[in-house]
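*Asks:* Chain by chain, the residues run as shown.
There are 2 protein chains.
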Amino acid sequence: MKAKKNKNNLEECPVSNTLKIIGGKWRLRIINEIGEDKRRFGELKRLIPEISEKMLIQELKALVEYQIIVRKAYKEIPPRVEYYASEKGKKVFPIIEEIKKFSNDTN
Amino acid sequence: MKAKKNKNNLEECPVSNTLKIIGGKWRLRIINEIGEDKRRFGELKRLIPEISEKMLIQELKALVEYQIIVRKAYKEIPPRVEYYASEKGKKVFPIIEEIKKFSNDTN
DNA sequence: TAAATTATTTACTTTTTGGTAAGTATTATA
DNA sequence: TATAATACTTACCAAAAAGTAAATAATTTA
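Those sequence lines, one after another, are chains B and C. Residue numbering for the first sequence follows full-length UniProt numbering, beginning at 1 and increasing consecutively. Residue numbering for the second sequence follows full-length UniProt numbering, beginning at 1 and increasing consecutively.
Relax, there's no trap hidden among the hints.
Same chains, same label: a pair holds when it works inside one copy or across any pair of copies.
Straight line, CA to CA, 30 Å or less: simulated DSS-like cross-link-like pairs of lysine-lysine:
| id | residue 1 | residue 2 |
| --- | --- | --- |
| 1 | Lys-61 | Lys-38 |
| 2 | Lys-88 | Lys-61 |
| 3 | Lys-90 | Lys-72 |
| 4 | Lys-38 | Lys-90 |
None of these hints come from the bench; they were simulated from the model.
Work out the full structure: start from the sequences and follow the hints.
*Replies:* See below:
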């Protein structure tokens, strides 16, 4: 059983905590484009044309650190790297589904 | 039937579109604290101690503009203002629910 | 030899978001 | 008369997020 970090104060609300991981302009977008697939960096670039390369790797890195996605690099030239959702990452799919429903329901 | 704004290019993805409305550090947090209740400004301040007053009204205003919440002001002195979720706003509850599930599942 | 390929990295600038702290209006109450 | 109460508003500054543009490494192919 993992202890919660209730030392002095901190440990906020579940909403804020989750937003630290998947909040921001790009993360859900990226996770959505990866979905159940494996995606290469260049592929994601095409799928999300509005994102800059800098933001894309930066956010991919963060998602890897949070263990939402997995990075697999092949030792080839030119390089090939694939990203895919971890088990933890798959747990954000339902959030995305609800977001899509909201979008449909409200537009 | 409402036409989608597919003039020249634009009209992005449902994820990005929804994040414009409920994205950012505070909006989901605020909606979550309002929930099914009516909440006064000062109440929300207490419920979300980390937010500054400036951010709180700023975000409340934005949520009112997006018709996620409703602002009801009573003509009293000292002033009394209540905020509550609109029908549209209630449609974001399922998103919040999934976020909470994620938080539970993963911590 | 030059160019293409791919996934980064870096430096620099702009934009957006957020924080602090003080002020306002209006009435009731001490 | 001074203070409390409430929901803001304003000005000013700092920090975080994001954009631009160019560079890199290591091979293969033309």
